[in-house]
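**Q** Each chain, letter by letter, is given below.
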Amino acid sequence: AQKITQTQPGMFVQEKEAVTLDCTYDTSDQSYGLFWYKQPSSGEMIFLIYQGSYDEQNATEGRYSLNFQKARKSANLVISASQLGDSAMYFCAMTQAGFQKLVFGTGTRLLVSP
Amino acid sequence: GAGVSQTPSNKVTEKGKYVELRCDPISGHTALYWYRQSLGQGPEFLIYFQGTGAADDSGLPNDRFFAVRPEGSVSTLKIQRTERGDSAVYLCASSSDRAVTGELFFGEGSRLTVL
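Quick mapping for you: the protein sequence lines, in order, are chains W and E. For the first sequence, the numbering used here assigns the number 10 to the initial residue and increments by one for each residue that follows. For the second sequence, the numbering used here assigns the number 1140 to the initial residue and increments by one for each residue that follows.
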């Protein structure tokens, strides 16, 4: 069964610095997708970035990039130039059962300080 | 509105009572999902609808949980004989068939507290 592991319960970063949030996964599927979602205190899950298992290039979306290392089964999220509004919970997730549902990790709480 | 709407945002009930949670997805989205998020955990899959039918209900924990989507838009998650362990945030999400990545758009959730 698919499993996502996020080993950092909390991370601190200063404004304008870069931060890496770790994510490792376990799957026997050949084709899968990896996602990162942000969950601010409002509770809504906000899609940040997607990486397909066959994508050769690392995904990037503005200040977000996904460091995909397939052999190591890791999909770390890199946030460049952190902003105060980046303070939130961040969840790594992967597809299960043919992309019809997601399995989530336990999340990392990011705090950006001025 | 433009996003996924969930009501109520908060629900407090007593053990043994019946609860309904409503989700109004983004207009035109054919896929609808329910997830449950317990304190300190990531969301866990409950059920997935494609149109009016439940395509996958393997995440429903037991037969006290049931969900419907009779007209292929609004969905209702129904919980009978609530237990304290049902306390969680219930998240609804929708997606478009044309979403290449299967990106899900989530609502803000319904926080259920069972006393």
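Hints are not guaranteed to be accurate.
If we take Cβ atoms under 10 Å as the criterion, some of the chain E residues that face chain W in the derived model are [as the list claims (entries may be wrong)]:
1. T1146
2. S1148
3. F1245
Footprint (simulated), chain W over chain E, 3 or more residues, beta carbon under 8 Å [said to hold, decoys possible]:
4. 1150-1161
5. 1183-1192
6. 1246-1254
Result set (EDC-like, lysine to aspartate or glutamate): computed pairs, CA atoms no more than 20 Å apart in a straight line [as the list claims (entries may be wrong)]:
7. W:K25 / W:E70
8. W:K12 / W:D31
9. W:K12 / E:E1242
10. E:K1156 / E:D1225
11. E:K1217 / E:D1163
12. W:K12 / W:D38
13. W:K82 / W:E53
14. W:K12 / E:D1195
15. E:K1150 / W:D35
16. W:K12 / E:E1183
17. E:K1156 / E:D1202
Think of the hints as simulated: they come from the structure by calculation, not from any bench. All residues carry an ideal CB built from backbone N, CA and C; glycine is no exception.
**Q** Please go over all the hints and tell whether each is borne out by the structure.
**A** Hints versus structure:
1. T1146: violated, 14 Å
2. S1148: holds, 9 Å
3. F1245: holds, 4 Å
4. 1150-1161: Violated: only 0 residues of the region 1150-1161 of chain E have a Cβ under 8 Å from chain W.
5. 1183-1192: holds (count 3)
6. 1246-1254: holds (count 4)
7. W:K25 / W:E70: holds, 17 Å
8. W:K12 / W:D31: holds, 14 Å
9. W:K12 / E:E1242: Since the Cα atoms of K12 (chain W) and E1242 (chain E) sit roughly 19 Å apart, the hinted pair holds (cutoff 20 Å).
10. E:K1156 / E:D1225: holds, 11 Å
11. E:K1217 / E:D1163: holds, 15 Å
12. W:K12 / W:D38: Judged against 20 Å, a Cα distance of about 12 Å means the pair holds.
13. W:K82 / W:E53: violated, 27 Å
14. W:K12 / E:D1195: holds, 19 Å
15. E:K1150 / W:D35: Judged against 20 Å, a Cα distance of about 36 Å means the pair is violated.
16. W:K12 / E:E1183: Holds, because 12 Å separates the two Cα atoms, which is no more than 20 Å.
17. E:K1156 / E:D1202: Between K1156 (chain E) and D1202 (chain E) the Cα gap is close to 15 Å, so the pair holds against 20 Å.
Comparing the model with each earlier hint shows violations of hints 1, 4, 13 and 15; every other hint is respected.
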